[in-house]
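Chains as they are written, first to last, in this note's numbering: chain A, 1 to 338; chain B, 1 to 283; chain C, 1 to 238.
Hints should not be assumed to be uniformly reliable.
[Said to hold, decoys possible] With beta-carbon atoms standing in for the labels, derived distance ranges:
no., chain 1, residue 1, chain 2, residue 2, range
1, B, T155, A, W261, 48 to 54 Å
2, C, S14, B, F77, 31 to 37 Å
3, B, R80, A, G322, 30 to 36 Å
4, B, T155, C, S25, 40 to 46 Å
5, B, Y126, A, S138, 23 to 29 Å
6, A, D279, C, E94, 49 to 55 Å
7, B, V261, C, L179, 54 to 60 Å
8, A, L155, B, N115, 38 to 44 Å
9, C, D113, B, R80, 32 to 38 Å
10, A, T278, C, S14, 48 to 54 Å
11, B, R80, C, S25, 36 to 42 Å
[Unchecked claim] Far from chain A, by Cβ distances over 10 Å, these chain B residues were calculated:
no., residue
12, T8
13, S59
14, L62
15, H118
16, G128
17, P132
18, V139
19, A140
20, P156
21, F204
22, Y245
23, F249
Keep in mind that the hints were calculated from the coordinates and are not lab data.
The C-beta atom is built at its ideal place from N, Cα and C for all residues, glycine as well.
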Amino acid sequence: MPLPVRHLLLAALGLAAVAGLLSVTGDLTALRIAAVGYTMLAVAGLQLLVGGSGQVSLGHGAFMMIGAYSMALLVLHQPTLPLAANLGVIVVVSVAAGVAVGAATARLHGPYLAGATLILAVGLPGLAHRFHAFLGGSNGLNIRTAGAPPFLDGLVTTSEWRALVVWTTVVLGLAVLATISAGRLGRRMRAIRDDETAAAMAGVPVGATKVVAFVIASAAGGLAGGLQAYVLGTVTPSSFTLVLSLTLLAALVLGGIGSLWGALWASMAIVYLDVWATDLARAANLGRNAENNLPVVFFGVVLILVLRFWPLGVHGALRSLGARLRAVRSDTSSRTPQ
Amino acid sequence: MNYFVTLTLNGLASGAAYAALALSLVIIYQATRLVNFAQPALALLSVYTAYTVTQLTGSYWLGFAAALTAGLLVGAFVERVIIRPIARTSQLNAIIVTLGLLLVVQGGVGMVWGNEQHGFRYAFSYVGRFAPSDVFALVAVGVVALLLFALYRFTPLGLRMRAAAFHPEAARLSGVRVGLMLTAGWGIASLIGALAGMLAGPPFISPNVFDVVFVFGITAAVVGGLDNPFGAVIGGLLIGLGMSYVSGFLGPELATLAALVIVVAVLSVRPDGILSRPTARKV
Amino acid sequence: MTRPLLTVEDLSASYGAVRALCGVSLTVPERGLCAVLGANGAGKTTLLRTLTGLHRAASGRVLLADEDITPLPTEKVITRGLAHVPEGGGVVVELTVEENLRLGALWRADRRDRTTLDEVMDLFPPLAQRRAKAAATLSGGERQMLAIGRALMARPRVLLLDEPSLGLAPLITRRILDLLRDLRDRTGLTVVLVEQNAAGALSVTDHGYVLNQGSVVAEGPSAELLADDRTRHAYLGF
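This is chain A alone, in the form it adopts within the complex:
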C-alpha cells in the first residue's frame, strides 16, 4: 500500500475514533476534544520543524495568531465564502508569512533562531493594538460561524459539529505531515538535524530545506489558529502570548520528539493539565490568584518532572515500557514447556 494511502486510511480511522468519542460525551467535552485537535495540529507542525530539521522556534504561537486573525477577517469581510475556502486562504496566508519569516531567519542558527522567533512571538500581538480599527485592539474580533447543516439538525450539536470539522481538517493535515516526514524531504531534514555540515557535503540544499520546514510548520500553525478562531468565535491578542508559544514547544518535548504520537500527548497535556489544575484550584477553594495561575505552574512542574525522569518524553517512556513488557512476555513464553 503506498504511504499516502496508508496515512489517509489511518486518518479516517482516527476521525472515526473521534466521532465515536463525541457520540458518548457531552458538549463541554466536545469543545475540549476540538481544542485537543487544533492544538495537536500546531504541535505536529512544530514537531516537523524541531524534531525533523532541528530548528528551535519559540514563536509558533505567532503563526497561530496569523491564522486566527485571518479566519476572523475572512468571516467578517467575506461572509459568503464557505469554511473550506477560508481554511484554504489561511494556509496560503500562513505559507506566505512562513516564507517571509523563514527566509529572513534562514541564516540564524541554534539559540539565535530561538531568540529571533521569541521576539516575533512577543512582538506580533502589538500589531493588533497598532492597527486598532482593523484588528480590534485588545478586545479583538468576534465572529459568528454557521453550525451544523440543517439535515443534521437534532443529530449533532453545534459543538459536536465544530469538533468534527476541526478533526477532519486535523487528520488531513496530519496525514500530509506524516507523508512529508516519511519522504525525501523528511530524510533531508533529519540529515540536517543530525549534522548540518555533513548534510551539505552530501548534497542536501541546507538553506532551502530549512526554509521549507519552517514554512510547513507555519502552515500547520496557521491552520490550527484558524480552527481555534472557528471554534471559539473570538480572537484577542491576549490569547497569543509568549506563554502560548513556550507552552507549544515545551509540550512537544514533554510529549516526545520525533513522533506524531508525541504531538497527541502534548496537545492532551496542554488542554487537560489546564482543566485539571483549574478544577483543583476551584475545589480546594484556593482563591482567584491561585485559580488564575495554578494551570501554568502545574504545567511547568509536570514538564520539569517528566524531563527529569523520562528524557525522551511521554512517548519515549511509553515505548520503553512497551519494549519491557514484550521482553517479559517473550521471557515467560520461552520458559513455558512446549
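Add chains B and C to chain A, keeping to what the hints say.
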C-alpha cells in the same frame, strides 16, 4: 532636536537594564551553551522579594540588597538542583526546562502576590530629563560590568570560571571543580539579572512585567554575540537607543517588531553577533 | 628497584558495550620513566583517562603510593600528585600563556609563590617570550610545551603524557622527549609516556608496556623491547 536628545537619554537609561539582563544571559551561555529563558523569572522573584522587604522595613535599600541576595541564591539553587541533572541528558531538554521554570516561577509569583500591579519605587527621583534614577541605572550597570571584568580577569575564581567555561576537561585536569564553577556562574548571572529587574521594574510590577524587557535583553545579547560580555553591554545600550527612537517616532507598539528587524538584519550580516570572533567549526 | 609509586591492578574500562581495557596491570617505580605503546585503538588513551578519573573504571584499582585513587573525581586525583597532559595538550586557547600556567597551580595553597612559574618559564624560553599572548597564537610545539608546563605547575609526583609527539616535527619531538628524561634525572619526577612513536619513546624511557586490544601483551626494559623483533613487528610497526 530637543525631542531627539530626550529620546537618546531615555534610551541609554533603559538600555542599562537591557545590558544587565543581556549580561546575565551571556554569562550562563558562555559557561553552559544554554540560553537561560528562566532569567526574567528569576529576576521577577528577586524583585518581588525586594518589594516585600521594602514593604516590611520601609527601606528601599534593604529591599535592593535582598533582591541581589535572592538572585544569587536562587540562581545557584536552580543550576545545582534543576538544571544539572537534566543538562546531562540533552541540550534541548535543558532549554525546555528553563522554559518550564519560567512558567512555574511566573505563575508562582502570581499565586503569592497576585496578578494585579503593585507600585514599585525608583531608587532615586525620576522627575525630569536624565533624572537621578537614570544616572543611577547607568552607573550601577557600569560598575557591575567593571566588577565582572575584574573578577574574570584578575581573580583566581575568575580564572577557574573561564577555564571551566572554555575547556571543562582541561579545567578538571588542573584541579578545578567544574560543577562548582557552573553554580557560581549561575549565581552571579542571576544576581546581575536581579539588578536588571530592580532597574526595569518601576513604576509598577506584575508577573508579566519583564516579558518585554526580556525580549530586549535577549535582543541585546544576540546582537552583541551570545559569547561576549562586552557585546552584551554594548548591545543593551544600542537596543535601548533603538527602541527609544522607534517608540518615540513610530509608536511603542512597534518596538518589539523593530527589535526583530534589528536582530534579523544584524545576524544576517554577522551570524554570531556584532563582536563575535569568526571561529572554525569544531569537529 | 625502588618501591612502586603508581600501581595499576587489573584495571578494566568500557564505552557502553565496547571493552576498551581488559585487566591491565602495571607498576611504575618512583623516578621511573615508563612508556606505554601500542597501535591506534589499543587502549592507551583510555588507560590514562581512567588513571585520572576522566573515565570511570569498570573494575580494578589504581594506587598512588598506596592510596587507592580509583574512586576519586579528576579534580581530587590531581591534588594527590598525578598530572595528566591529554592528547593534543588540552591547552585553553582563549586564555593567555601565563593564565594557562597559573591555572595549573591554582589548587595549591602556595599558588602565589612565583618560583614554580619562573622555573617553568626557564624550562621553556618560547613561553616566557609569549607569556601575555593568547594560547591560540602558539605553534603546535609551543602548545605542547605549554601543556607540559601547566602540568608541572602543579608540582606533580607522576606526570602522564598522551602522545606529546602527535603532529609535531621530528626535531621538536626529539627535544620534548629529551626534556622528559632530563626532568626525571634532575627533579626525580616519575613519567608515564603514551606514544605511537614507539622507537622514539623506547629510546628515552627505561621500561615499556605494549598494549593490544586493551590488554598488556608485552613488557620489559625498553632496550629489550627495542631488541625484540617479534614484538616490534607484531605490535609496534617498525
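| request: Would you check whether the claim that B:G128 is not at the interface survives, using Cβ distances to chain A and the 10 Å cut-off? | output: For B:G128, whose nearest Cβ neighbour in chain A is about 29 Å away, the distance exceeds 10 Å, so it holds.
| field | 23 to 29 Å as the expected CB spacing between A:S138 and B:Y126, which holds or is violated | value | holds, 27 Å
| said: Given the hint of 30 to 36 Å, is the C-beta distance from B:R80 to A:G322 inside that range or not? | reply: holds, 35 Å
| Do the Cβ positions of C:D113 and B:R80 conform to the proposed distance bound of 32 to 38 Å? | holds, 33 Å
| request: Please confirm whether B:F204 is truly not at the interface, meaning its C-beta sits more than 10 Å away from all C-beta atoms of chain A. | output: With a cut-off of 10 Å, B:F204 remains clear of chain A, as the shortest Cβ separation is near 17 Å.
| query | Per the stated criterion, does the least C-beta distance between B:L62 and chain A lie above 10 Å, as a non-interface residue requires? | reply | Answer for B:L62: holds, closest chain A Cβ roughly 26 Å.
| query | Beyond 10 Å from every Cβ of chain A: is that where the Cβ of B:P156 lies? | reply | At roughly 30 Å from the nearest Cβ of chain A, B:P156 sits farther out than 10 Å, so the non-interface label holds.
| field | 40 to 46 Å as the expected CB spacing between C:S25 and B:T155, which holds or is violated | value | Because 44 Å falls inside the window, the suggested range holds.
| query | Are all beta-carbon distances from B:P132 to chain A longer than 10 Å? | reply | The assertion about B:P132 holds, with a minimum of 31 Å to chain A.
| Is it correct that the beta-carbon of B:T8 has no partner in chain A closer than or equal to 10 Å? | holds, 23 Å
| Has the hinted range 31 to 37 Å been met by the Cβ atoms of C:S14 and B:F77? | holds, 36 Å
| query | Is the hinted range of 48 to 54 Å satisfied by the C-beta distance from B:T155 to A:W261? | reply | Given range 48 to 54 Å: holds, Cβ gap about 51 Å.
When held up to the earlier numbered hints, the structure conflicts with none and fits them all.
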